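4 protein chains.
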Amino acid sequence: MNTIGTLFRFTDFGESHGPAIGGVIDGMPPGIDIDFDAINVELQRRRPGQSFVTTQRKEADEVEWLSGIFEGKTLGTPVAFIIRNTNARSEDYSNMADSYRPNHADYTYDAKYGIRDWRGGGRSSARETAARVVAGALARQVLAAKGIEIMAWTSRIGKISTDIVPASRDEVEASIVRCPDLGNSARMEKAIADARAERDSLGGIVSCVITGVPTGLGEPVFGKLQSMLASAMMSINAAKGFEYGDGFAASTMRGSRSIDPFVAEDGKIKTTSNHSGGIQGGISNGADINFNVAFKPIATMARPLPTVNRKGENIELTVTGRHDICVVPRAVPVVEAMAAIVILDALMLSGKM
Amino acid sequence: MNTIGTLFRFTDFGESHGPAIGGVIDGMPPGIDIDFDAINVELQRRRPGQSFVTTQRKEADEVEWLSGIFEGKTLGTPVAFIIRNTNARSEDYSNMADSYRPNHADYTYDAKYGIRDWRGGGRSSARETAARVVAGALARQVLAAKGIEIMAWTSRIGKISTDIVPASRDEVEASIVRCPDLGNSARMEKAIADARAERDSLGGIVSCVITGVPTGLGEPVFGKLQSMLASAMMSINAAKGFEYGDGFAASTMRGSRSIDPFVAEDGKIKTTSNHSGGIQGGISNGADINFNVAFKPIATMARPLPTVNRKGENIELTVTGRHDICVVPRAVPVVEAMAAIVILDALMLSGKM
Amino acid sequence: MNTIGTLFRFTDFGESHGPAIGGVIDGMPPGIDIDFDAINVELQRRRPGQSFVTTQRKEADEVEWLSGIFEGKTLGTPVAFIIRNTNARSEDYSNMADSYRPNHADYTYDAKYGIRDWRGGGRSSARETAARVVAGALARQVLAAKGIEIMAWTSRIGKISTDIVPASRDEVEASIVRCPDLGNSARMEKAIADARAERDSLGGIVSCVITGVPTGLGEPVFGKLQSMLASAMMSINAAKGFEYGDGFAASTMRGSRSIDPFVAEDGKIKTTSNHSGGIQGGISNGADINFNVAFKPIATMARPLPTVNRKGENIELTVTGRHDICVVPRAVPVVEAMAAIVILDALMLSGKM
Amino acid sequence: MNTIGTLFRFTDFGESHGPAIGGVIDGMPPGIDIDFDAINVELQRRRPGQSFVTTQRKEADEVEWLSGIFEGKTLGTPVAFIIRNTNARSEDYSNMADSYRPNHADYTYDAKYGIRDWRGGGRSSARETAARVVAGALARQVLAAKGIEIMAWTSRIGKISTDIVPASRDEVEASIVRCPDLGNSARMEKAIADARAERDSLGGIVSCVITGVPTGLGEPVFGKLQSMLASAMMSINAAKGFEYGDGFAASTMRGSRSIDPFVAEDGKIKTTSNHSGGIQGGISNGADINFNVAFKPIATMARPLPTVNRKGENIELTVTGRHDICVVPRAVPVVEAMAAIVILDALMLSGKM
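Protein chains in written order, with my numbering: chain Z, 1 to 353; chain E, 1 to 353; chain Y, 1 to 353; chain R, 1 to 353.
So here's chain Z without its partners, still in its complex pose:
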């Protein structure tokens, strides 16, 4: 269950403080010239320590390629890669060995497996998402060659939100919180600084748009494209909600206000609005696909929290490891990666590759 996809299959492994994290991509199309620099750019975007709004923990995040590539080109065979875990200060977590951090996976892993690697969250650590970013970056290179582009950004942090849709990734990257609305970006930074001062944390929303998607991706009934996207997005640590097109707002709307009329222009059929978010009946209609993913405030805060230990005693626990105040800016490349993985798989399933 650590694999996602049907034809483009990504298997992800690793604990945050074990020897390495990594992945295997099975179904990678052959003959692709890999742009290794572009993959590193994505990893940099996800990496901790990018700016004052993220955790100061440093991770080198160097990818070692093990298979599936020959003279810089993909072979069509499984592409395996690892990222070594360095700078792992396990001692920061020693008081976690026998305690359950609230709103983390410590208790549920113990309940499920009877054992867990308590160092830094182990398998449940968001460090695992670095492997997703690598796989997503590979998928993206295949998609880009087909004219499909994916762009995500921060549209909310705490109480501050924006409706602005960026025109390019540069507009996203111009902000350290990855919000293309510069006024609100500054307010978001301040909100994070305030939360840090108060030893608190913040949630937010990542918005994403996918352009250039051909018609016909997705399947009726259980393989609907929105099902594939929702499953992938909800697998990201701290994600609490997914919506596409009009999303939750649609629940308050009248039908007459949410129609996307078809028009024919130059022999091509398209819609004049996009309440549908680019998907109708589970299948892409050629319009942009857009969706939002809600993230909770992270549960690790520099304050004592009431909880229990493995012996079943009620205790107070203060987690001292380095951590983010708000994961949303770093979640932006992870959302893009998961979108790329899903869309490439759907493209391959559609027979349009």
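This list has only true hints and no planted wrong ones.
Note that the list lumps identical chains together, so a pair holds whenever it fits in one copy or between two copies.
Derived DSSO-like pairs (lysine-lysine); straight-line CA-CA distance at most 27 Å:
hint: 1; residue 1: K73; residue 2: K352
hint: 2; residue 1: K146; residue 2: K352
hint: 3; residue 1: K311; residue 2: K270
hint: 4; residue 1: K268; residue 2: K311
hint: 5; residue 1: K311; residue 2: K352
hint: 6; residue 1: K159; residue 2: K190
hint: 7; residue 1: K352; residue 2: K270
hint: 8; residue 1: K146; residue 2: K270
hint: 9; residue 1: K73; residue 2: K311
hint: 10; residue 1: K146; residue 2: K73
hint: 11; residue 1: K268; residue 2: K146
Since the hints were made in silico from the structure, they are not lab data. Just so you know, these numbers come straight off a predicted model, no measurement behind them.
We have chain Z; now place chains E, Y and R onto it with these hints.
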């Protein structure tokens, strides 16, 4: 891609105006005494024509069991069933043969397959959900024997919403819109009547709570329980969003306000609040699982809508078939059915059966 | 686990004495004009009561199509069909309710499920293969349009075997045992008549050749084309062995005698011999694919056999139902059907559709 | 398609002359104390250069564990591992870059992918089976704790065969060809020496028996235990055939000679013979499971062979790399590994873990 599940696998088939819809349940546990009446009750709840708020189209919805059952007990072999399509007034849809209804699947099916059964939406019709209700009702009987109960209700229709959580299904069924808040239930009915008068339609939200779930359901990373639920819920016709626990509201909250402290009571560990919605790190923690599903207003309205035909000509289309003004009350049993299918599969995967 | 295939997925259901057997084909390519007569021809070939060498039990085997077909063409949506069980003389099997027939599935089903439909073997009856023949006949029509043809025949019954490869299906059908070698065909008929007289049964071998297969079908490692074929063939009732190319004989050969030299002719690369059986490294090489499937003598004989009952008492059991003396002639169309299902799935996976 | 299994899922990656081969085991039961020495013993058994009958190429085959293990115990999360490729003399293969070795995967990989790592066969090299041996050794440790043991041996090399079933693995390991029949073992060694002298190669058969298997493993129809075993065995390089129980010999037998009568002894039901090979109706019956796998003589011989190059020119090719004369002795641990992977998956699927 018309199959959902890993160990409890449900394959769904059928067009709304073909000979029959139906399904095959592979992985049904053996030796279960099936309560056929309870299955019919669920089908009645989903059925059109229940009340003035739903379409007046009548469907007999009689289940014919084909396999997997011997002397009233499940055999462990695939349980196949069909529901004949009767009262199918195809002529209502004859102007759909060459036109694409806006916000429906007509265009995308044609784009994907180059052919479609245009009668009543064919495969994309919500009639297909009757088969899901049958499969869900079977799953539910297995879950009930394990102390797991699933209850959904209408928490929003258009602008009217409620926070009331029903104490029992009777409170839900007391309202024809399936809203346990009687004051708001009446307002919802009126909103539907108003929308009908104005030839419009309404969206809404279905809320669901699952009680009695043991710890340990769900898997790390891509098999997270929320991923399974999100995928299943987003596969329901007209669903636009999914959230669990604090959901989208979590994006506006601070971490200090969303902690679920663990406490030990009588040697049992539990949380004193449930911002997590019963799932932590992708795995059930023993608390109630709760989630919401947003539904858009349906796109079929008794008014002419601008669109195109297969020849690529811009036209106006008036769909004259019988249809709902608001699908939310009838979506309630479908949400429950999909939840039952997911939870039983997760239970079987967890090895706790 | 009653589903086979990845992109062309066939789910099979039904007990021999329940209401119906049937199947769902998910992934059927859209827009195919179905030749229903050709499907019936295949069912006739599998049907009992064709000649004196098969069981005299009659089955109408009429296919009822439920979904996925509109105006004679496939829609791309799941094709579901059923075959009613008529002429089911359950009383023939009443002494089986509490006894375990030797070398049948009675005991293992009870051990696995704690319950079984004892009438005629229920799910374990070879009647289930009729559904395979329908699915295979559909697959075959798609393959034929791509120039891929599948032909199987009887190459051994008991001690009598042949090396003759038929030039056409007519040569196969000219013999009631489906052996294209007329001299040996007559001897096989006599062997069956002798075994019947002695209340015994006979095994044999079905050989199969697939022509017109493009290069590139099958995957490295676990998805090898021979793995897919072996799995499918070993799923047929009474199959005990599978071999392709030189098969078991290869184990006795020297390498120098089993080389398939490549030659280039008119810019096309091919082999001058076919020890490989059309598959190299798990992937089709463009040569004919050929394989053999060994079938055991069936275990139902018109004589008392020592066994036990559910109470664990040692008894003698005489099964009085009608049955074949040798299943091999009727297994020929089943082998072809399974080959068609596998090859179409592999073709779709290869992206060559 | 480089993954095998449903609940115990093994994903295998790597080219023979790339940086590493390896695998990911998803579904490994938690809390298992791994015996690393036992895993190394298995790798030694598969390793080239063990004796004069195997290739003199040396491979260190040191396993590096990357994830899923904490303080020597499995975590229930994916177990990833790699084996570095050292001693890879790519220059031996330089004349293979543009040529297709007969009966190898060179041509089919090029036909499928348009690219291949020609060094030593790349992905198609049997070096990949080292990863299978690691995964199998882990599965075996879980099975051993349940009383399930797997033992394979060489029962044929070329014209020399034996019917002797070894009493223990020691009897197998006492022979460098892994044949427990010491007289025939010596003859097999001589046959290999002769073939080497004549620049030829030899095939053979590996036999395997699995003891301690509970009843109820395997599924009706497509998930039959023999289907799972056949698929796994046919995925091994050079395998040409699979049979279980009476196998191909059953095709020549009469039913009356192949009955396995049930008897009840001390309240336990068992068979007095085992023509069925431990599987009836696709499900284990509690008796020993036994099967044979036929291997062809390898196609690499120290002699020039006629073939073509990528340009489509007819040439003669002499492959100078080090290679085995007969792979059968080294295939013995691979057959055991694949059997362990299949049986553990079937055990987990049966709910008997």
